[in-house]
Amino acid sequence: MRPLTLRRLLWTCGSLVAVLLVLIVLVLRLGPAPISVTELVMNLGRMAIGRINQLPADDQLIVFGIRLPRILLGVMVGASLSVAGASFQALLRNPLADPYVLGVSSGSATGALIAMMVAPQFALATPLAAFLGAVLTITGVYFLGLRDGNLDSTTLLLGGIISASFLSSVIMFLLTLSPRDLRGMPFWLMGDLSTPPVSELQWIFLVGLIVGIGAIYTTAADLNLLLTGEREAAHLGVEVTRVKLVVYVAASLLTALAVSASGAIGYIGLLVPHAMRFLFGSDYRILIPTSALGGAIAIVAADALARTVAAPTELPVGAVTAIAGAPIFIYLLRRRMR
Amino acid sequence: MSVSDANATLAARDAAAPPAELPRLAVEQASYAYAHQRRSAPMFTLGATSFQARQREVVAILGPNASGKSTLMQVISGALKPLSGRVLLDGVEIRSLGTRTRAQRIALVEQQSPLVFPATVGDYVLQGRHAYGRALHLATEEDVGLAMNALAQVGAEHLADRRMDQISGGEKQRVILARALAQQPLLLLLDEPTLHLDIGAQVDLLERLRRLCEENRQTVIVVTHELGLAAEFADQVVLLHAGKCLRVGTAAEVYQRELLEQVFGAAMDVEIGPAGRPRVSLRSRASGEPRRTM
Amino acid sequence: MFVDQIKQGRWRSETRAMSFAVAALVLLAAAGIFSLPLHASARSQNAPARLTVTDDLGRTIEVPQPVRRMVSLAPSMTETVFALGAGDRLVGDTTACDYPAAAQTIAKVGSVQAPSIETIVTLRPDLVLATKSLNRDATVEALSRLGVPVYVTDPHTVQEVLTSTARLANVIGATHGGQALVANLQTRLNSLRQRLSGVPPRRILFVVWMDPLISIGRNTFITDALSWADAQSVVETSQDWPHVSLEAIVQLRPEYLVFAGQHGDAAVPSLADLQNRPVWRDLEAVRAGRLAIVSAALARPCPRIVDAIEELARDLHPEVFPENQP
Chain S
1 MRPLTLRRLL WTCGSLVAVL LVLIVLVLRL GPAPISVTEL VMNLGRMAIG RINQLPADDQ
61 LIVFGIRLPR ILLGVMVGAS LSVAGASFQA LLRNPLADPY VLGVSSGSAT GALIAMMVAP
121 QFALATPLAA FLGAVLTITG VYFLGLRDGN LDSTTLLLGG IISASFLSSV IMFLLTLSPR
181 DLRGMPFWLM GDLSTPPVSE LQWIFLVGLI VGIGAIYTTA ADLNLLLTGE REAAHLGVEV
241 TRVKLVVYVA ASLLTALAVS ASGAIGYIGL LVPHAMRFLF GSDYRILIPT SALGGAIAIV
301 AADALARTVA APTELPVGAV TAIAGAPIFI YLLRRRMR
Chain X
1001 MSVSDANATL AARDAAAPPA ELPRLAVEQA SYAYAHQRRS APMFTLGATS FQARQREVVA
1061 ILGPNASGKS TLMQVISGAL KPLSGRVLLD GVEIRSLGTR TRAQRIALVE QQSPLVFPAT
1121 VGDYVLQGRH AYGRALHLAT EEDVGLAMNA LAQVGAEHLA DRRMDQISGG EKQRVILARA
1181 LAQQPLLLLL DEPTLHLDIG AQVDLLERLR RLCEENRQTV IVVTHELGLA AEFADQVVLL
1241 HAGKCLRVGT AAEVYQRELL EQVFGAAMDV EIGPAGRPRV SLRSRASGEP RRTM
Chain G
2001 MFVDQIKQGR WRSETRAMSF AVAALVLLAA AGIFSLPLHA SARSQNAPAR LTVTDDLGRT
2061 IEVPQPVRRM VSLAPSMTET VFALGAGDRL VGDTTACDYP AAAQTIAKVG SVQAPSIETI
2121 VTLRPDLVLA TKSLNRDATV EALSRLGVPV YVTDPHTVQE VLTSTARLAN VIGATHGGQA
2181 LVANLQTRLN SLRQRLSGVP PRRILFVVWM DPLISIGRNT FITDALSWAD AQSVVETSQD
2241 WPHVSLEAIV QLRPEYLVFA GQHGDAAVPS LADLQNRPVW RDLEAVRAGR LAIVSAALAR
2301 PCPRIVDAIE ELARDLHPEV FPENQP
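Protein chains in written order, with our numbering: chain S, 1 to 338; chain X, 1001 to 1294; chain G, 2001 to 2326.
Wrong hints could be hidden among the right ones.
As the list claims (entries may be wrong) - Only part of the chain S face toward chain G is listed, based on derived beta-carbon distances under 8 Å:
{"id": "1", "residue": "G31"}
{"id": "2", "residue": "I62"}
{"id": "3", "residue": "R67"}
{"id": "4", "residue": "G184"}
{"id": "5", "residue": "A311"}
{"id": "6", "residue": "E314"}
No lab work stands behind these hints: they were computed from the structure.
Keep in mind that this is a model prediction, so the values were computed, not measured.
A virtual CB, placed ideally from N, CA and C, is assigned to each residue, including glycine.
Here chain S stands alone, though its shape is the one from the complex:
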């Protein structure tokens, strides 16, 4: 018997953090403006200490004004989507669940679309409306998912799928009838990191991310038990109602934040948890942190590809995850069958 130990947990997460940091430094080098690794590391160091004025002017702008915020947004989005995906897979007891199955991204997209149609001149309007759309959908689907006063997994899944479907048709409707040609919408629907939101919103995202992942992590042990069945979990000492509510709200909020910041990037929330299960096992106490880190690594890598593969045109990162996602999924599926 080899139960999960704190030591294994820390070592695994530590290694993934190291991989992420190395990847970030490598990706920071990528782009039209050449930057050497030593220069880069020295600049990062100077910035960490606080000596920002000593940085050379142009490199500063390119690395810290453009590349780094984009990479960091990618880290946050990747972490939120993966943890949300893993959480929904447990909550719904379904390996095919992803962060969007309960309609959050469709609600977000509807909000964003309405903002683009009605108030395109306000930069803040789109992410805020997207978030509002998501929150409304989360609340609505919650009430749809109640059965005898409790959140029921199957009912929730059905309610979510119906909402997603309904909202998608609303989006189609609005797009067809819109008087203006909405240029930004396809990028939003695919997920795009090239235009990060303002710093204030990014701070809110970071705080939301930490709170959300933290809340879900407190239920990690409970989720392992919940997967064997709700009644079984209750008899083993799990507060089933509380855990389901916390996970539902936290995972939905993580999705809402990610989608409001960068649109609906696909495949990450579905695949990264499965890949991490394949590598490190299904125990949620290790799955949650590794999914967060794995998602960050995946998005940073995908975005680096999106930026360079068709240079100077920048593909939306969602296009890369979609193309790469399907074959990876098939590979994982076949390994699992064996």
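Starting from the known structure of chain S, arrange chains X and G on it as the hints suggest.
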């Protein structure tokens, strides 16, 4: 942790337990009803039922399908709040215990549906220790010892590193039981544990339960419709029919021919065997001869 | 338990390493997120003389003077800059900028919809030119936040193209070239209007795409251009790019079918193609062979539109332009 250490823990707990006059389990006039739809009248699935059980006792809740057995089980386990009456464990009302405490005292063994993400047997049994942990509930050495002990008690130690989807049905049954034992419960509840087992495995399981009951000083409650097994292994039988409790007592007391025929709807004969335990035979209508010994 | 082990010193080095890693990551995050406005303002402090202007959207921007390096994010902007005689100061344009030929040799910053912000910034432009109709608001937003001045044009009518071009000329320091250009264009437009005054407008169907059939709404730029050529679309709607049914078109009986592009383009059929298509071949215009193919510049808000308008006017009203008859 060795078996003797585990026993020592149990002994310590017993020493702290309330005096022996109080029965381990007391079901007092517990009943349950639920309304199928909000506006329709509630249906009684369980009429007022009472019985008591001591340590090291095996109780069989016996009855045909839809007799209220599972409902009674759920009420005893604390999952359902009885409409009337109460269930007491060592003098404390079960519903008043928190989820965590209840899990440390009562364990329920049911059929396990296929796992979405199959874990190893070891991790599965360790889940039984959840109620004793905090925060991340990472397994301590004590937890691991108790889990291995539980596996040993069901004869499945060698399966510890196998995956749950790679073991046979019978082995899985034993692993589920091990998880319940790992909870170190005072009360062990089993819902139709013999359902998919052949007769040899059924007897095997019940003998094992008797043994565990003795070793761990637990109270074991088995819901079943198997007349023969209940007669052979139960110290006490609670006979249910259509939601009503018809008789409580030893097997010899409960197995009255007219009663059994009424409940199970089949003609049968009851004899008392050499050990004082009744044996039931089906009577075929045509010949009047005993047709089969159950 | 974990705490006990820490006290025993067993976890000390590992915990320390982990804490450093986490702290580094969080610090990086905070710094990255904070650095954006910092550097945008840093750039503006180092700038030379600045001129405050208002673009077509009413946005106030500070344009460094003189404007030596420009990046264009739309084909119409590229064309306009060249027409103003300032093409040599264009250091970057999009992959869609194909006119004039010189535009194709300029460094590309990406597509119109998804240019590389980084490439633009690397070129160190004094000014970036964009359009409301083709470029994404998000792109303009992102560049502005980095301290790069973006001038956005948004002409809705042909007349507005002229005024917009004149204002742009002032902003980029091509005032002379601008005045001359605009004066010439205005004269040509006015004379065209004069010649066509009193002539009843041609009822036409402007075909953006055939399958499905997409035409234009009354608020589009093309509609205004068509009116200068004394032509009127039979489709009346406020939607910009309406899907219309062919049956409805048959009812409306347009006199001419107008396509913008060149022979061989996917959207531009030949008369023979149309005569082979069901329903299309029953249109009056097709049976009478009244097909006008006009340059793609008709859809582009730039100086060349006047050429396209003149060409279309000649095609639609041959009797007014006898000198062009073979």
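### Message
Tell me if the interface restraint on I62 of chain S is satisfied: Cβ within less than 8 Å of some Cβ in chain G.
### Response
For I62 of chain S, the interface hint holds, since the closest Cβ of chain G sits about 6 Å away, which is under 8 Å.
### Satisfaction of the A311 of chain S interface hint, Cβ to chain G closer than 8 Å
Nearest chain G Cβ about 7 Å off; hint holds.
### Query
With 8 Å as the cut and Cβ atoms as the points, is G31 of chain S at the interface with chain G?
holds (5 Å)
### Message
Given a cut of 8 Å on the nearest C-beta pair, is the interface hint for R67 of chain S held or broken against chain G?
### Response
holds (7 Å)
#### Entry: chain G contact restraint on E314 of chain S - CB to CB distance below 8 Å
holds (5 Å)
### Query
Does G184 of chain S meet its interface restraint, that is, does its C-beta lie within less than 8 Å of any C-beta in chain G?
holds (5 Å)
Taken one by one, the earlier hints all hold for this structure without exception.
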